[in-house]
Amino acid sequence: SQTIHQWPATLVQPVGSPLSLECTVEGTSNPNLYWYRQAAGRGLQLLFYSVGIGQISSEVPQNLSASRPQDRQFILSSKKLLLSDSGFYLCAWATWDRGASEQYFGPGTRLTVT
Amino acid sequence: KQEVTQIPAALSVPEGENLVLNCSFTDSAIYNLQWFRQDPGKGLTSLLLIQSSQREQTSGRLNASLDKSSGRSTLYIAASQPGDSATYLCAVAQGGSEKLVFGKGMKLTVNP
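Taken in sequence, the protein lines are chains A and B. For the first sequence, our numbering begins at 1 and goes up steadily by one. For the second sequence, our numbering begins at 1 and goes up steadily by one.
In case anyone wonders, no lab produced these hints; they're calculated from the structure. Given the structure is predicted, the values throughout are model-derived calculations rather than measurements. Each hint should be verified, as a subset may be incorrect.
Lysine-lysine pairs mimicking DSS-like chemistry, simulated, CA-CA at most 30 Å apart [to be verified]:
1. B:K42 x A:K79
2. B:K42 x B:K104
3. B:K68 x B:K107
4. B:K104 x B:K1
5. B:K1 x B:K99
6. B:K107 x B:K42
7. B:K42 x A:K80
8. B:K68 x B:K1
9. A:K80 x B:K107
10. B:K99 x A:K79
11. B:K1 x B:K107
12. B:K104 x B:K68
13. B:K99 x B:K42
14. B:K1 x B:K42
15. B:K104 x A:K80
Using the sequences and the accompanying hints, generate a full structural model.
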């Protein structure tokens with residue numbers, strides 16, 4: 001069966017510090033991978049998605065970047081965090097199989113920028 | 001641009017009621033629609049996926065229907081229980097796109 005991992009689970013970082021959040025998927029190959037941010041009262045916002053190694057699409061211009069160094073690994077980064085980067089970050093994966101695409105989410109990372 | 005709306009934003013009901021959660025979308029050219037559940041501080045759990053060619057899907061006490069022409073989906077929860085308390089989100093996948101567009105969710109509280 002497929003499993004998606006995210007770490008760390010929680011993170012408190014000062015403004016201006018760097019960020020690296022990691023997401024890995026097990027039990028599937030060549031998945032689409034997604035990074036979302038969920039902020040209070042603002043719903044779920046798609047930040048980046050990837051259809052393959054090294055292929056990243058950015059949805060929202062911002063202080064963040066994403067990379068996919070391996071097929072089942074997706075990393076979210078920032079060089080200098082802003083207060084507005086606080087939120088709940090969710091990674092998801094999907095495969096297009098027999099005409100269906102269903103997204104599955106990880107447990108999330110709670111980021112607080114102080 | 002696709003927009004997904006869930007009204008009301010919150011609902012509080014006594015245990016045992018049969019519930020209908022609504023989801024509407026503006027562009028009927030969807031590939032599929034997915035219902036999720038989110039518990040506080042947790043990730044999203046997929047409940048049901050309805051492909052554009054389907055009218056409904058069922059899983060246990062949950063039944064989701066899809067009417068593409070009217071841009072609506074409903075999630076029916078039979079005999080609600082306190083454990084059903086959570087935020088429920090619907091999301092649509094546009095034809096030709098690998099992205100989901102989410103509603104803002106509906107927070108459900110089932111009181112014992």
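Consistency of the hints with the structure:
{"no.": "1", "hint": "B:K42 x A:K79", "in the structure": "holds, 27 Å"}
{"no.": "2", "hint": "B:K42 x B:K104", "in the structure": "holds, 16 Å"}
{"no.": "3", "hint": "B:K68 x B:K107", "in the structure": "holds, 24 Å"}
{"no.": "4", "hint": "B:K104 x B:K1", "in the structure": "holds, 16 Å"}
{"no.": "5", "hint": "B:K1 x B:K99", "in the structure": "holds, 13 Å"}
{"no.": "6", "hint": "B:K107 x B:K42", "in the structure": "holds, 14 Å"}
{"no.": "7", "hint": "B:K42 x A:K80", "in the structure": "holds, 26 Å"}
{"no.": "8", "hint": "B:K68 x B:K1", "in the structure": "holds, 16 Å"}
{"no.": "9", "hint": "A:K80 x B:K107", "in the structure": "violated, 34 Å"}
{"no.": "10", "hint": "B:K99 x A:K79", "in the structure": "holds, 26 Å"}
{"no.": "11", "hint": "B:K1 x B:K107", "in the structure": "holds, 25 Å"}
{"no.": "12", "hint": "B:K104 x B:K68", "in the structure": "holds, 20 Å"}
{"no.": "13", "hint": "B:K99 x B:K42", "in the structure": "holds, 21 Å"}
{"no.": "14", "hint": "B:K1 x B:K42", "in the structure": "holds, 29 Å"}
{"no.": "15", "hint": "B:K104 x A:K80", "in the structure": "holds, 29 Å"}
Violated hint: 9 only; the structure is consistent with all others.
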